[in-house]
Amino acid sequence: MPFSISLTVNGQPNSIALDDPRVTLLDLLRERLHLTGTKKGCDRGQCGACTVLLDGRRINACLTLAASLDGSTVTTIEGLANGSELHPVQAAFIACDGLQCGYCTPGQIMSAVGLLSEGHAGDDPERVRELMSGNICRCGAYQGITQAVLEAGQAISQQNRPVPAEGSENGRSAA
Amino acid sequence: MNRFDFIRPTSLADAVAAGTSPGSVYLAAGTNLIDLMKIGVTRPERVIDISRLPGLDRIEWLPDGSVRIGALVRNSDLAYDKRFAAAYPAVAEALLSGASAQLRNAATVGGNLLQRTRCAYFQDTASACNRREPGSGCDALQGENRLHAVLGWTEQCIATHPSDFCVPLAALDAMVEIEGQDGRRELPIGALHRLPDAHGATESVLAPGDLITGLRLSESTAFAAHARYVKLRERTSYAFAIVSAVALLSMDGDRIKASRLALGGVAAKPWRASAAEAALVGQRATREAFERAATAALGDARPSGDNAFKITLAHRILVRALTLAHQGTPKVLPALPASPFPDPHSPAPKGDLHVA
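Quick note, the sequences are listed as chains A and B, same order. The numbering used here puts the first residue of the first sequence at 20, with every later residue one more than the last. The numbering used here puts the first residue of the second sequence at 712, with every later residue one more than the last.
Bear in mind the hints are in silico, worked out from the structure with no lab data behind them. As the structure is a prediction and not an experimental result, all values here were calculated from the model. Every residue gets a Cβ at the ideal spot worked out from N, C-alpha and C, and that includes glycine. Treat the hints with caution; some may be incorrect.
What the hints assert, rightly or not - If we take Cβ atoms under 8 Å as the criterion, some of the chain A residues that face chain B in the derived model are:
#, residue
1, His53
2, Thr55
3, Lys59
4, Arg63
5, Gly153
Please put together the full structure from these sequences, using the hints given.
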């Protein structure tokens, strides 16, 4: 029973014919769209390596059936940078040494991007750790990861801080 | 994963009609179902995708102060809804203590109610399990069972219900709205899940085709100021409860006017502790009164294997939940929701966690 779904991935609209409804979003991204940045760790929603943004929210791609996503928008690690300019979370992971082997890193970064847009952690490292607990790092780079999320959060709020414009009392958002 | 037909109905009536056929399952987010399909525990012939059904993703406040939560509302959307979290703080705390942020963004209210046990023998298709295959036996009875049930179990099944969300829902007598072959009906959450009996281990009273469409919680302002959920896990976060407890108190000075108490991780359903509630009526909120309530809550508890320690733990966690609830609902949810350990941002309540 072949059918097709439309899926926008990293800004690119796709019409995807599915010959088998068993395909997960993770397998669709990796095997059919060749976006292998999203990793398969446990494939059971326990490790977070497959974290992507679905309609702007972080989810586990391994537990999501592609067939149910008609009309959705997905952002993966490949869609984060603006050309050669890294996303602030990517830059912070490098600056804070938030990785060792790197296998969990795309999931960690996508999860951190989701965390920062959810806006529940503030600058509290304990809240960052709790809200990143769905991403396991076997190398144990958690200290650098937590630091990276906190620093990226600061960098993003600096970017978004209103810059007073000349002749304007209220200023203007730079973002 | 076995092959299946994928069906996407556009109306509730079509969904129920499709779901009534033998071998059908409903798919919402799939955070539990897809996992079980991957390991071969659930082998549906037809998957009915209800995730796009209209009108089931809303939180509606009704004129009498009650709230109706659509079955497709995501766990995180409910927990972070400001009005909901203020009215039902222990429910929000329970939701945020469950799973991970990614899973909470996907998992739905209806799916949470119907999630399956994490008993390892249920998940292992080579093991005997009366839940997975009625009549095959229960390998957990003689197996690795330190985390299994201590209340309401039989030799047929010693599994526990894994949900955190359902524990405060049981305490608050949430009503479950169901659409079925014969139309709409509702039942209290206490009547949704079934305990195992001498013959089998049917998980719920739902019939083929029955679809949970929403939940209703009655107005409960009286309990909002003293409401806590406490959950003991084998790691700090992202783990199921070994035992958990919700305590809701309505205070009149230092006396308890009324309470609502329930335990999680101890039985095949969220366990309402009615005897303990009765024991607290009119009592002063003291450690001794909390101890007596916890003793009443666990009067019928007995180990189902190597898990006698869970009875002691459940007692302590209920006392802890009562102590924290009496101290008052925190203005800001702790960094580690439902953690039994002191919040670094607020002083620990009096009363030692480690003394029964």
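Hints and how they fare:
A hinted interface residue such as His53/A counts as satisfied when its beta carbon comes closer than 8 Å to some beta carbon of chain B; here the least separation is about 22 Å, so the hint is violated. Annotation: Thr55/A was flagged as interfacial toward chain B, and the flag is violated, the nearest CB pair being 20 Å apart, outside 8 Å. About 12 Å separates the beta-carbon of Lys59/A from the nearest beta-carbon of chain B, more than 8 Å, and the hint is not met. With a cut of 8 Å, the hint placing Arg63/A at the interface with chain B holds, because the nearest CB-to-CB distance is about 5 Å.
Using the Cβ-Cβ criterion of 8 Å, the hint placing Gly153/A at the interface with chain B is satisfied: the shortest such distance is roughly 2 Å.
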